[in-house]
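J.: Respectively, the protein sequence lines represent chains A and B.
Going letter by letter, the first sequence gives residues 1 to 275 in the numbering used here.
Going letter by letter, the second sequence gives residues 1 to 271 in the numbering used here.
It is worth saying that the hints were derived from the structure and are not from the lab.
Hints may be right or wrong, so weigh each one.
[Claimed, not checked] Over the 10 angstroms line for every Cβ pair with chain B, so calculated as not near, a few chain A residues:
| hint | residue |
| --- | --- |
| 1 | T56 |
| 2 | T71 |
| 3 | L245 |
[Unchecked claim] Label-pair distances were calculated between CB atoms; the ranges are:
| hint | chain 1 | residue 1 | chain 2 | residue 2 | range |
| --- | --- | --- | --- | --- | --- |
| 4 | A | A262 | B | R128 | 55 to 61 angstroms |
| 5 | A | V95 | B | H49 | 39 to 45 angstroms |
| 6 | A | E119 | B | H49 | 37 to 43 angstroms |
| 7 | A | V70 | B | G126 | 52 to 58 angstroms |
| 8 | A | R182 | B | G243 | 41 to 47 angstroms |
| 9 | A | D25 | B | D194 | 39 to 45 angstroms |
| 10 | A | E119 | B | Y30 | 27 to 33 angstroms |
The model shown is predicted, which means the values in this text are computed figures rather than measured ones.
All C-beta atoms, glycine included, are put in the ideal place defined by N, C-alpha and C.
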Amino acid sequence: MTTTHTRAPSAETKAPRRSALLQRDWSLLAQRLGALGIILALWQAAVLTGLLPSITPTVPEVTLGLWTAVTSTSFWTALGQTLSAATAGWIISCVLGVFLGLLIGPLRWLDRSTSVTVEFGRAFPTIALMPVILLLLGATTSMQITMVVLSALWPVLVQSILGARRLDPGIADTVRIYRIPRLLWFRRVLLPSALPFVTTGVRIAASISILAAVGIEVLTQVPGIGRMITLAQEAQRWDLAFAYLFFAGLFGWTVTALLARAESSLLAWNRQASG
Amino acid sequence: MTAPQSIHTGSLDVLGGEVLLDVSHVSMGYGDGEHEKRILEDLNLKVGHSEFVSIVGPSGVGKTTLLRGLSGLLPPKRGTVSVAGQTITGPHPDIAAVFQDYSRSLMPWMTTRENVAFPLQGQGVGRRERNRRAEESLEEVGLSGQGDKYPWEMSGGMQQRVAIARALAYHAKVLLMDEPFASVDAQTRFDLEDLVVNLREALGVTIVLVTHDVDEAIYLADRVIVIAEKPATVVDVIETGFGTVRDQVDTKADPRFQDARGRILTRLRKA
């Protein structure tokens, strides 16, 4: 009875608020499309006036290239290859990074002894490792996934360590007083407490994964979108190369946006509790 | 007994009956050897079943350190704490605690019911049984039907009720409270004090409360232990003799309350 009472008034106020929100959404969308339109117009103008090299495709040419791409099966196959390698590497990075981070974070001696190594790994230009990994594993999907993991692991690891460190001392005392077993503590206390930090790492790792997967295809013979870009470039099909580039960017952006949305619904408590 | 309208100097031993909590020659401090910083010196205290003992002292005297010692969170430098005849070596199933900072002891990612039931989950109590016990405890603190709310949807007073419910659901014999009502407004504070009085009467829980608030210490307790000086020692013990029922107006107007208040405040001013 009390719950229906509290819900009734909110239903009335919701309708006008939603339409106002919708209006703001539309005007924001219009502004964003406007900004995109201006960039495209500048591009077109730069090509026509000879500011950019003559081989640069014009906007209509790239648009046509986009169409050629989405209607060909080879594009979708390549996309599938890139995304599956990126996803595999990303998932491995997330599982490994969260596990190691939550192990290291709460143990002060382990945290202290590994901090330099972690900082070093994070700052290391992973791409420089590629010749070595290529020599070890060849131009294979497992090489690609290894490289993705070596690139994407760090943000997850660093964020998980930070998240685990910030466990509130009041909660830590409570957990000890009530003698919460280790595994339950890990699952129901440490993990949710660290989650606001972990999700940021996971989101950064997702865009790095796509970036690394495409980059490795560009530099080696591994099949995928990156390889398609190189092939189009070698065949002087600049329109197609730009179309593929556009898709590589689009997918990176889509994945990041989806994760940000999932994160905000998963962490409603965090916004409420701290705000 | 002597005239009912005067207060007594109490004892550190229980009046009669069984000893539940036995604090024997406990010294607490930080650091070791030469660098040891002694906080609390040689405390002896026995607490009986269903007794309410307040430990009152000025801010910074080491009350929280003492409570950490009693709860098993921090081992004493010397001496022993035992509950029901068993010497404790760490947190113990017979001891629950409620801290001052309710907002930091409840987990914001769990509902109220989950927070209350969580310690039971740790003891391997099944889901149905722990939800039943959580609901029962929430009812006892006046929060029936609020189990699905999150702590951040509640006021400070309600959050502290949840922390008390969590301690009750744990079915510990001794409830330790560290300045539990320090961060709420005056009216809420009175409500919570009366809640604790009623819970003690209804459930027979044994309570040890530390506070710097002299009025609160006297109002709630059967025995008030006054600690002061550095390192802290017991400087006075007062028996209030109010029985198990309290009233915010009558009890505080009682001459015994006034006597005890005057005596403790004078003693603390000296310290």
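J.: Confirm or reject: T71 (chain A) is not an interface residue toward chain B, with every Cβ-Cβ distance exceeding 10 angstroms.
T.: With a cut-off of 10 angstroms, T71 (chain A) remains clear of chain B, as the shortest Cβ separation is near 47 angstroms.
J.: Regarding A262 (chain A) and R128 (chain B), is the given constraint of 55 to 61 angstroms on their beta-carbon distance met?
T.: Since A262 (chain A) and R128 (chain B) have Cβ atoms about 32 angstroms apart, the given range 55 to 61 angstroms is violated.
J.: Within 27 to 33 angstroms or not, the Cβ separation of E119 (chain A) and Y30 (chain B)?
T.: 32 angstroms, holds
J.: Is it true that the C-beta distance of D25 (chain A) to D194 (chain B) lies inside 39 to 45 angstroms, as the hint says?
T.: Given a distance of about 51 angstroms, which is not inside 39 to 45 angstroms, the answer is violated.
J.: In this structure, is the beta-carbon distance linking V70 (chain A) and G126 (chain B) contained in 52 to 58 angstroms?
T.: 55 angstroms, holds
J.: Return holds or violated for the Cβ distance of R182 (chain A) and G243 (chain B) against the range 41 to 47 angstroms.
T.: 45 angstroms, holds
J.: Can we confirm that no CB of chain B comes within 10 angstroms of the CB of L245 (chain A)?
T.: 41 angstroms, holds
J.: Has the hinted range 37 to 43 angstroms been met by the Cβ atoms of E119 (chain A) and H49 (chain B)?
T.: Because 56 angstroms falls outside the window, the suggested range is violated.
J.: Can we confirm that no CB of chain B comes within 10 angstroms of the CB of T56 (chain A)?
T.: 52 angstroms, holds
J.: Quick check: does the Cβ-Cβ distance between V95 (chain A) and H49 (chain B) fall within 39 to 45 angstroms?
T.: 51 angstroms, violated
Comparing the model with each numbered hint stated earlier shows that hints 4, 5, 6 and 9 do not hold.
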